[in-house]
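Using the sequences and the accompanying hints, generate a full structural model.
So the sequences go chain by chain: A and B. Residue 1 is where the first sequence starts when you use the numbering used here, and the numbers rise one by one after that. Residue 1 is where the second sequence starts when you use the numbering used here, and the numbers rise one by one after that.
Derived from the structure by calculation, the hints contain no laboratory data. Quick caveat: nothing in here was measured; it's all calculated off a predicted structure. Every residue, glycine too, gets a C-beta built ideally from N, C-alpha and C. The hints are all genuine.
Listed next, the stretches of chain B that the computed footprint assigns to chain A, with coverage defined by at least 3 CB atoms under 8 Å from CB atoms of chain A:
| hint | segment |
| --- | --- |
| 1 | 25-35 |
| 2 | 41-52 |
| 3 | 68-80 |
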Amino acid sequence: MACFVVGGGEAIVVSAVRAAVKRSEESRGIVDKSGRQLTDPSVEGYCWTRKLTWLMNMLWGGVALLAVEHMWHGEVVPFPPFLTAMNNPADIPEMLHEMATVGVGMAALVTVVWLVGTVVADAVARHASDVAAKEA
Amino acid sequence: MTLVITTAAAIAASIVWYVTGRSQRVAALALIYWGASLMWCVDGFANLAHGEAFVELADGAQMVDDAILGVTVVTVGLAIWTIYMLITHQRRTGVSTRQ
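Laid out in structure tokens, this is it:
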């Protein structure tokens, strides 16, 4: 019905946090103006600007593609109230329940997978650096 | 079927990302598809909780409809990624791609 809206809300928050983190890391010389990392990931790990970009891509991508699916099934329309469930007051509690269960579950799963991914990415980058040091 | 097709696209994009020197641009496409696949996985588990199938395979007409939707979704993902790449390229170079 409208489960993807929760992911959309998280995507907006993450985008705002990413913008603030990028400003901070830019002032500390970690990233350049375009958000490209200037430090060595194998030493410092990946910067948070880059990590948050990964989460942003997953959330915005997921929300956009799920929105297409909802449009396909006629659950989202391009005119107010946009969500067809809003037309019938009896459907609103069901929609809110779906957002609280499936929607929150979607946002939580994407965030957990991203968190695991950032830890693995840092570990792989550091491991590659260790292997290179041993071979030298 | 939509989940299966989107996950296949995510795996294909990940392979392309790995083979082409782990480019950040291709990573963005893979992440778009992975994000959608994970979200549809949760939808599948919700279906299971309601006594329905994780992926609908019994109804042929429904399967075809879902497959067409899957291909549409993958195409839209590719279109979104192309627009995203054009915007980020323009921001990085400060040059418009339109002459």
